[in-house]
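Given the structure of chain Y, go ahead and fit chain F onto it with the hints provided.
Taken in order, these protein sequences are the chains called Y and F. Number 247 in the numbering used here belongs to position 247 of the first sequence; there are no gaps in the numbering. Number 151 in the numbering used here belongs to position 151 of the second sequence; there are no gaps in the numbering.
It is worth saying that the hints were derived from the structure and are not from the lab. Errors might be hidden in some of the hints.
[To be verified] For lysine-lysine, the following DSSO-like pairs were computed, each having C-alpha atoms within a straight-line distance of at most 30 Å:
1) F/Lys288 <-> Y/Lys163
2) Y/Lys115 <-> Y/Lys187
3) F/Lys163 <-> Y/Lys288
4) F/Lys288 <-> F/Lys163
5) F/Lys187 <-> F/Lys115
6) Y/Lys288 <-> F/Lys288
7) Y/Lys288 <-> Y/Lys163
8) Y/Lys163 <-> Y/Lys187
9) F/Lys163 <-> F/Lys187
Protein chains: 2
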Amino acid sequence: MPSSAILCPPGFLDRLEAFSQLGSTGDGGVDRVEASMANGEARRALARRMDELGYQVRIDPVGNMFGLMPLAEQFAGQELPWVFAGSHIDSQPKGGRLDGAYGVIAAVEAGAALKERLRGRPVAANLAVVAWTGEEGARFQPSVLGSSVHAGLLPAETALARKDGNGVSLAQALDAIGFRGTDHAPKPAAYVELHVECADALEKSGRRLGVFDRWWGAHKIELMFIGATAHTGPTPMAERKDALLAAAEVITGLRRLADAAPPGTLHTSVGRLEVLPNSPNVVPDRAKLFMEIRSVDPDVMADAHARLMGLIPHAAAIARVAHRIVREEIRPPGAFAPSLRSLAREQAAALDVEPLGLDTIAAHDAVPMAIVCPAVVLAVPSRDGLCHSPREWTEPADLELGAAWLGAVLERLVTEGPQHG
Amino acid sequence: MPSSAILCPPGFLDRLEAFSQLGSTGDGGVDRVEASMANGEARRALARRMDELGYQVRIDPVGNMFGLMPLAEQFAGQELPWVFAGSHIDSQPKGGRLDGAYGVIAAVEAGAALKERLRGRPVAANLAVVAWTGEEGARFQPSVLGSSVHAGLLPAETALARKDGNGVSLAQALDAIGFRGTDHAPKPAAYVELHVECADALEKSGRRLGVFDRWWGAHKIELMFIGATAHTGPTPMAERKDALLAAAEVITGLRRLADAAPPGTLHTSVGRLEVLPNSPNVVPDRAKLFMEIRSVDPDVMADAHARLMGLIPHAAAIARVAHRIVREEIRPPGAFAPSLRSLAREQAAALDVEPLGLDTIAAHDAVPMAIVCPAVVLAVPSRDGLCHSPREWTEPADLELGAAWLGAVLERLVTEGPQHG
Numbered sequence: 001m002p003s004s005a006i007l008c009p010p011g012f013l014d015r016l017e018a019f020s021q022l023g024s025t026g027d028g029g030v031d032r033v034e035a036s037m038a039n040g041e042a043r044r045a046l047a048r049r050m051d052e053l054g055y056q057v058r059i060d061p062v063g064n065m066f067g068l069m070p071l072a073e074q075f076a077g078q079e080l081p082w083v084f085a086g087s088h089i090d091s092q093p094k095g096g097r098l099d100g101a102y103g104v105i106a107a108v109e110a111g112a113a114l115k116e117r118l119r120g121r122p123v124a125a126n127l128a129v130v131a132w133t134g135e136e137g138a139r140f141q142p143s144v145l146g147s148s149v150h151a152g153l154l155p156a157e158t159a160l161a162r163k164d165g166n167g168v169s170l171a172q173a174l175d176a177i178g179f180r181g182t183d184h185a186p187k188p189a190a191y192v193e194l195h196v197e198c199a200d201a202l203e204k205s206g207r208r209l210g211v212f213d214r215w216w217g218a219h220k221i222e223l224m225f226i227g228a229t230a231h232t233g234p235t236p237m238a239e240r241k242d243a244l245l246a247a248a249e250v251i252t253g254l255r256r257l258a259d260a261a262p263p264g265t266l267h268t269s270v271g272r273l274e275v276l277p278n279s280p281n282v283v284p285d286r287a288k289l290f291m292e293i294r295s296v297d298p299d300v301m302a303d304a305h306a307r308l309m310g311l312i313p314h315a316a317a318i319a320r321v322a323h324r325i326v327r328e329e330i331r332p333p334g335a336f337a338p339s340l341r342s343l344a345r346e347q348a349a350a351l352d353v354e355p356l357g358l359d360t361i362a363a364h365d366a367v368p369m370a371i372v373c374p375a376v377v378l379a380v381p382s383r384d385g386l387c388h389s390p391r392e393w394t395e396p397a398d399l400e401l402g403a404a405w406l407g408a409v410l411e412r413l414v415t416e417g418p419q420h421g
Numbered sequence: 001m002p003s004s005a006i007l008c009p010p011g012f013l014d015r016l017e018a019f020s021q022l023g024s025t026g027d028g029g030v031d032r033v034e035a036s037m038a039n040g041e042a043r044r045a046l047a048r049r050m051d052e053l054g055y056q057v058r059i060d061p062v063g064n065m066f067g068l069m070p071l072a073e074q075f076a077g078q079e080l081p082w083v084f085a086g087s088h089i090d091s092q093p094k095g096g097r098l099d100g101a102y103g104v105i106a107a108v109e110a111g112a113a114l115k116e117r118l119r120g121r122p123v124a125a126n127l128a129v130v131a132w133t134g135e136e137g138a139r140f141q142p143s144v145l146g147s148s149v150h151a152g153l154l155p156a157e158t159a160l161a162r163k164d165g166n167g168v169s170l171a172q173a174l175d176a177i178g179f180r181g182t183d184h185a186p187k188p189a190a191y192v193e194l195h196v197e198c199a200d201a202l203e204k205s206g207r208r209l210g211v212f213d214r215w216w217g218a219h220k221i222e223l224m225f226i227g228a229t230a231h232t233g234p235t236p237m238a239e240r241k242d243a244l245l246a247a248a249e250v251i252t253g254l255r256r257l258a259d260a261a262p263p264g265t266l267h268t269s270v271g272r273l274e275v276l277p278n279s280p281n282v283v284p285d286r287a288k289l290f291m292e293i294r295s296v297d298p299d300v301m302a303d304a305h306a307r308l309m310g311l312i313p314h315a316a317a318i319a320r321v322a323h324r325i326v327r328e329e330i331r332p333p334g335a336f337a338p339s340l341r342s343l344a345r346e347q348a349a350a351l352d353v354e355p356l357g358l359d360t361i362a363a364h365d366a367v368p369m370a371i372v373c374p375a376v377v378l379a380v381p382s383r384d385g386l387c388h389s390p391r392e393w394t395e396p397a398d399l400e401l402g403a404a405w406l407g408a409v410l411e412r413l414v415t416e417g418p419q420h421g
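Chain Y extracted, bound-state conformation (with noise of 0.2 Å):
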């Protein structure tokens, strides 16, 4: 147990600062998205850190980067376990500065002036940070795509011939920026993220800390639409086989049935809409929607599903087209392990703060971490709840509790093992 509070690894706030620029959009946001030319800058300004700070950088296959700082050879006659801290880098087009970066610097900092405080003291884990490939889902879906992989549950020649909507693979983004990788990595024990909420939860709670003891599950659709070109004007209106018409009715009526929900139970939403060819004077042929059902009640999203499945043939009837679903994708909902939740409150109480217990609905890379070892998010709070916006925004007083409350968390986890967790 720690004799006193842990601090803020010196000099955080700045060094976050300094990396919020790579990809400044000029608003306080920044455009980050995977495998771009900002992101490939940040990568390699990661790198530089991790080295200057004495972690072994490691790249692997899908462009996952790694900072192995071993603490011991062994313990006890064993090999030592790893626990690993991280989140992402790569952002949304529009994004910003916090999401995914915030929990990235604080592992690398933390882990650093964790190495220092432990010298000489026996250690029962090693330590890892990570930056996670592909989490936003904004260029390469499915989100989470890096610790996915990671973690088995997709293949890594699966992750790397997804295509952007330019067709570009993922393998050969990563080329382009000189991130694809050949080192393994080692396995996590127990996985730390800390993140800003996303959410405004803590923010009218008034707390400034929150373990995110529940995840929502997500279920995600791609649906195309299938109508012919004609021109707007001359064709008869009950001729026309309108794509774009589909996708509006399926727009508006996914949206009614979030709205039919009880407040905070159900999440839908339709974030983008591809239409063909989008000629001002010809009736689209093509409309491709992105589609998402969110709750962390399966039978929830079980409901909606069904519901949204018989809103889809309504809508192609009444645009006189065809539909085809190009891809699915379901999250199921969750809970991370409670023994890695009670750690945390405990070390939030060192601090002298009672945390809020949270449910995650965004996606984050603990999920998929949360299936093959114990894992939490420690959040922080995120001002109007706002994420993928340029207007995010967490006081940097809670920035750095919460980077404190990350490297007291890995102390435990380091000196008493990750089967703490």
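Structure of chain F alone, referenced to chain Y:
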């Protein structure tokens, strides 16, 4: 009056077929979007053919291509007026091979054949053939761009400054293909356009030829919804400002206006929708709709517009977004010159065909021309009424009949003078 029926110019179908290979999409259609590389290739082929047939090729500042065929110096001591025939060779991105190109190739070939027939006979007008820039409005709005400039309805500078979806201006695009000219071209004293019907009235009636008596009006509106980006997962439904949702409400609502009107009296559409940032897990903060309201009745247009203006704030309120009309363009309905319509009917009778009187709902270059001189559109059938589709089709015998008819109409106008029209 011609003593015997005029024939289709020899080799016409082969020339049309060869022209269809320029910008071919491999499925029977073409992609010759204005000032694209394929459009430039088609323009060069057209200029070569005009030159070969003895036309003087002129390119004006907005890229309109004229082929001047002076038939005599003067008539009765006066400068001779110019009879124009033409259409356009730009296409939709997934366009058909006949829409536009048919009328241009027919004018060029029929004009040259007419010159041969006229040798030694007195004429009352000179002949010009023309391929207008940017009729389709697929890349640069408004549509019928080049003919509107030549008719004096739109300043050339305004047209040249119009930008495509990538921010490229018409001036830049024409420079890139070498078709921003400096030539002056005469003004028309009469304008005849041969075109496929782009509707199915001829096919349904079993007639082979049609005369466009009236044109429908069109009210085109570009509407922007402005919301706020946010994560599609955690953001509470009630707090989202979803620009795409507002767009979907308008798309379905605008369609319902047309569905509620008697068939064939009101056409509405949204052909293009731009969504930003268009990432699967980000609530869209921008959605720009390209909407159309069309009718032959000004009151129906005005009523539909008023209802649409009522829909928009309602949709904005549902989605918690702002809205702004970005651009509006109104083309009132109207009628083509009665004298030219009669002349066209007489010449059809000389070919033993009774043409059907039609409305044109699609814009044609003849509409801006009709504001400044007598104008008419001669039509041949479109199978299934399809235009703006690779499936455009007209029976070869009907294509030949139309070209012969155009030649006969031009002969009357050139020998008797455009005041006949």
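Hints and how they fare:
| no. | hint | result |
| --- | --- | --- |
| 1 | F/Lys288 <-> Y/Lys163 | holds, 26 Å |
| 2 | Y/Lys115 <-> Y/Lys187 | holds, 20 Å |
| 3 | F/Lys163 <-> Y/Lys288 | holds, 26 Å |
| 4 | F/Lys288 <-> F/Lys163 | holds, 15 Å |
| 5 | F/Lys187 <-> F/Lys115 | holds, 20 Å |
| 6 | Y/Lys288 <-> F/Lys288 | holds, 17 Å |
| 7 | Y/Lys288 <-> Y/Lys163 | holds, 15 Å |
| 8 | Y/Lys163 <-> Y/Lys187 | holds, 27 Å |
| 9 | F/Lys163 <-> F/Lys187 | holds, 27 Å |
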